[in-house]
Amino acid sequence: MSISMGIDIGSTTAKVVITEDDKILFQCYERHFSQVRQKTLEIIRRAEPILSGKSFSAAVSGSAGLGVAKAAEIPFVQEVFATGELVRKKVPDTDVVIELGGEDAKILFFDRRTGAFEERMNGSCAGGTGAFIDQMATLLAVAPDELDRLSQDHQFIYTIASRCGVFAKSDIQPLLNQGASKSDIAASIFQAVVDQTITGLAQGRKIQGKILFLGGPLHFFKGLQERFVETLKLGEDMAVFPDYALYAVSLGASIYAEEEGTSFDYHTLVEKLENAADEAVTTLRLNPLFESQEEYDAFVKRHEQATIPEKDLAGYTGDAYIGIDCGSTTTKLVVVSKEKDILYSYYNSNQGNPVEIVREQLIHILKECGDRIHICGSAVTGYGEDLIQNAFHADTGLVETMAHLKAASHFNPNVDFVLDIGGQDIKCFKIRNGVIDNIVLNEACSSGCGSFIETFAKSMGYDAASFAKLGLFAKHPVDLGSRCTVFMNSSVKQAQKEGATIEDISAGLSMSVTKNAIYKVIRAVSKEDLGTNIVVQGGTFLNDAILRSFEIEVEQQVIRPSISGLMGAYGAALYAQELRLEQSALMSLEELEHFTHTSKTVSCGLCNNNCNLTVNTFSGGRKFISGNRCEKPLGRKENKEIPNMFAWKLSKLRALKGVDGGKGKIGIPMGLNMYENIPFWYAFLTRLGFEVVLSDVSSRALYRKGQDTIPSDTVCYPAKLMHGHIVNLLEKGVTRIFYPCMPYNFNEKKGDNHYNCPVVAYYPELLDANMEVLKNISYEHGYFGLHRPKDFEKKAYEYFNREFDIPRNLVHQAAKEAFAVYDAWKWEIRQEGQRAIQFAREHGKKIIVLAGRPYHIDPEINHGIDKMMTSFDLVLVTEDAVAHLGNAGKVHVLNQWTYHSRLYNAANYVTTQPDMELVQIVSFGCGIDAITTDEVRAILEEKGKLYTQLKIDEINNLGAVKIRIRSLLAAIREKEAQQKAR
Amino acid sequence: MAQIIRDETGRILFTQEMKEEYTILAPNMLPTHFKLFKMAFALHGYKVIPLETTGREIVNEGLKNVHNDTCYPALLVIGQLIHALKSGEYDLNKTALLITQTGGGCRASNYIHLLRKALKKSGFEDIPVISLNLSGMEKNPGFKLTFGLIKKLIYSIVYGDLLMLLANQTRPYELEKGAADRMVDHWVEVLSEEYKQSKNVTYRRVKENMPRILQDFANIPVNKTDKIKVGIVGEIYVKFAPLGNNNLEEFLHGEDVEVVVPGLMDFVIFKVDNRFVDPEIYGGGKLKHLIAGWFENYLVGWQDDMIAAIKRFPQFDPPSRFQDIKNLVKDYVGYGNKMGEGWLLTGEMLELVHSGTPNIVCTQPFGCLPNHVAGKGMMRKIKEYNPTANIVAIDYDPGATAINQENRIKLMIANARRMKKMVQYNELVEIKGKMTNSAM
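Quick mapping for you: the protein sequence lines, in order, are chains A and B. The numbering of the first sequence is my numbering, which starts it at 1 and goes up by one. The numbering of the second sequence is my numbering, which starts it at 983 and goes up by one.
Chain A on its own, in the form it takes in the complex (with noise of 0.2 Å):
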């Protein structure tokens, strides 16, 4: 008879238990809002009448429970030990756990062999789960347990980014914005956390066997439950839930505390606990954003000053323009009058739908205006810009960043810096001379800002307006760095454990959105970097917190509109009122009233990027698609005169087809480095006489196959890819493989050196040393350099000649050939750029060179980016058609791996060309980059060029793509039309 105590403190629960024997006493399971010792304290106290009078030995276990233990002087242990513990003793016959909870993801695997087990937990880059869902929750408006209601209607699952939750929003938004159904998409949110705990968590290990799943959301969710049984095609017997899954961790920390034996009593247990809340602070600490009072007051009223006068609708005769903002999150919409006031405004949460709340809005707004006002123009911009124009007729559509500089200058016509943080973005972007310049938009890793503290409010129990608030006075906000949210829930963890007081979590966090705008996204070194007329804007900045940290960052005092959440809106009607039209082609009060709108989901199928298309029906059955990236679905023709490289190379390079040359077929995995080395390999290995058998192009199911065998889940898509190429051959029936190890690139003789990188160099082994499938077969993946011919046709013959017999003459002259394959490759691709360029000039269109790695070229990398840039009439040109053109000469960074070499030239060549323009591909993850991209703008901006950058992903959403390049597009006419009327 002994009884034990097990105290589970997670990130936002604490969960204990009270066991004696193997019969639970006592359980209870609260959130503790940042409060832990309180609250482990008060529950503690709940149990009096059990634990009274009693010896009884206890621990702790948990991410934020060290604080506790150390105070209370309990013994401390790990969570996952402490879920083996609990497994080992109640279902040792299990062979994998799945724990998720709040923040962590856990996977157990138990070694039948060993007995031992094997934890895998989220590593420091990789969304929270509970606290993902709760979040997806919020962004659909529905409680948590809605979403799982809704999850068991849906008809078809989206493929949403998995990797952390910021991603994952940004997929979902335009889903919601495209009108696809909250049941298709519940589901697909349950999925993510699927397929990120596969690929994220088992790192190459299969799930397979007795799965045991614990913790809360495993727990609530029926849907996730069903997702992970079908995901990993368990049996019944083989998915275990048990109905102890909230405790598991407290009750491990129970049976833990048995085994150690410490003794407590529960008078002493309680006054240490309470003696404990004095514990020293040691997180880092800032300085208050107001001192006192009158400070604040100050402030308040300079920002006063920033206002548009707004006049009464019901008041008002004469003409009106409408601006329409359809954000991610909200909706936005003006009425503005001849003399640029507001006469009605609205700003609102979308609640995931709309179309129908803009319809509301203009219904109520053209009552408002009956004969008095006369609607003379109408623009949307936004998210949703495509769908709510084509909906309600509006005039025009234009890209949000011209919106936002319109409104910008009409409070400072001198304006040089715009940042504007809204609910899941940050977009900011300078002005020179009054054209759009440099645009900057958060990059998929900080998104989400604004919204992280609307989410991260809630989870303590305030709304965002008044958990902000608390922070105006905190004395001592908490440094909680500058990096993404995910990071920073852990941060916010680790001050709570200190026992931060929630003002100074709050104005810590504020803190933390600001500087994550400005180091992580504008990158600034120092004020001057920013300008000297900054407008901030974005419902984020009505946040005064938030405010005040940004004025104190960047060391100035910047505007703020008053209008601050509706510039976009705003913009856009003084955009609408530049058109000059007599009359507003927008829907008439009648048409709206029997407006309808019905969306439907289906793939479209006409090429392999197989995108989601939302086709949305409107009354009299009109039809919008979205979610597309090319024209193709939408029934027109697909623009196949003009140029675009991506394609050309794709089909030329696919084209290769093996010939059987009596020595077998030889498999190649065609990815990374294949996409420029396979017209070198496929001559030469066909020449010795392998039959060459290229894997299929990728496609997200392909990259499904291999999933469960990557490492690393922070390397970059092209090189996980990889793995699901591997299978892929394997499927083809192929018992060789050829992918061999190549440090060295091609030497072009353009720069220091001639690398690639790490990844590309070694990956081969990393395959051999993950797909268990690659021990069935032979692989060849030793080290080749083709950086040397003569040196390759020796050291290829003992190779070719240890392995395959093939004779000396033969291998030399296969060498031979091959270089001569490839370098009349090179040509080809040289004088296709040339036909490229003069096709363009001849048509009067612009050149964009689409610059990035070879393997940019695969349609699974690059989303289809390559259609939807020449469905804006753009010719598409790649790096290395014209690199040969440019000399960067001597650059600023160390000039060793050759793709790289090819961007600095490619770039230096379009700096001679006018209508040429230079766009980045980038993979995330990819650090070499992080230098590259520096670089190449450099080299850009100094010749007065603009630099954009597309940074991808298994994103599949090119949304942001879009803006990018339409801002592009407006920056460029803008600037032609200046040069003009000079």
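Since the hints were made in silico from the structure, they are not lab data. Among the clues, some could well be false.
Unchecked claim - Think about it this way: if two alpha-carbon atoms lie no more than 25 Å apart in a straight line, the pair counts; the simulated DSS-like pairs of lysine-lysine are:
| hint | chain 1 | residue 1 | chain 2 | residue 2 |
| --- | --- | --- | --- | --- |
| 1 | B | 1102 | A | 943 |
| 2 | B | 1268 | A | 749 |
| 3 | A | 890 | B | 1121 |
| 4 | A | 430 | B | 1102 |
| 5 | A | 206 | A | 233 |
What the hints assert, rightly or not - The calculated label-pair distances, taken between Cβ atoms and stated as ranges, are:
| hint | chain 1 | residue 1 | chain 2 | residue 2 | range |
| --- | --- | --- | --- | --- | --- |
| 6 | A | 265 | B | 1406 | 31 to 39 Å |
| 7 | A | 469 | B | 1168 | 56 to 64 Å |
| 8 | B | 1402 | A | 206 | 26 to 34 Å |
| 9 | B | 1123 | A | 980 | 49 to 57 Å |
| 10 | B | 1073 | A | 823 | 54 to 62 Å |
Every residue gets a Cβ at the ideal spot worked out from N, C-alpha and C, and that includes glycine.
Using the hints provided, position chain B relative to the given structure of chain A.
Frame of chain A, contents of chain B only:
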């Protein structure tokens, strides 16, 4: 005062005059080693100061000045240098910076360029930057890595590695807290005194000193209990530098384990070995091949001497020979895997596992490219062939909090303890079984 002279690319040269007048600031990685480096440089007329600053301001300075996606070591090293320039402690007209440049296919070769960009951004354009490398990149009239200097630097590595190893093996067991650290300080002082004269910094003296150092550490009273050993491997900077790994060694000491840190010498030999191996894989460079081979043997000889010296003191465990590590890695990665820590990283993990330290923290900067393959990429296979291997990969970056990292390390240690208990239990059962058998 020294004139600022630039070469044709605009780079400021470190001139002979500057050598006389300038203080050279350098980032720090291994405090003990670097104290000796400082003295070695002084013998050749350079006033080098390895910075010992720490704190969040350094990270912030790095965040402000370096592309945030660049690896964490670059951010820290550059942050630390700029922080020092801004501190007001140094006369900016007489200060230069020193930074290493490996010249391999890893991003690290670009630190110097990132540093120059950062200097420009912060208005320190006239501060000369010296590249420390063995590849002949960026020559300076006032700074020459002569053979004499190289030798002294390598002696310092031998001393540093030995002191680090002995301290790590003594510290967890010392009866008087701080005794091992005091002994390190004592010897750094003794050596610093010797380093004042070139004639004292010879290989003969190193050989004489090694047994003395060993004897001194052997004399520290200890209570040799059975503690869990935890090895640290990883990207060279975050592996060694407390600034980079949130004081990992200190944290581990607090967890009551013995820390095993493979020394710096292996890395130096590894980099030389790469040059030896390259021509074998791709052809060419006969002379380079020969020189690298000769130099490698030279270094290996010194390492062997150190190992031999340690072996005479059975209370200490010597490190493995470079060649032994190299042999271990054969079935895992090729010797062409040379960027960053390359195959040595895999090798060090294997060496630890094979030498009784299966518990390993593999440190790396977030998103470190070479370690995707040689670190995380090899763990599955290492565990497959060595079931006792208990490895945890820890990422370091400006946003990663110590609590997350420590939590993961604690888990690894909890596993190690459990495994040890099991082994002990099994042994007991075995012994008991034998006893019953013999009784029958």
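inquiry  = To test your reading of the hints: which numbers does this structure violate?
reply    = none
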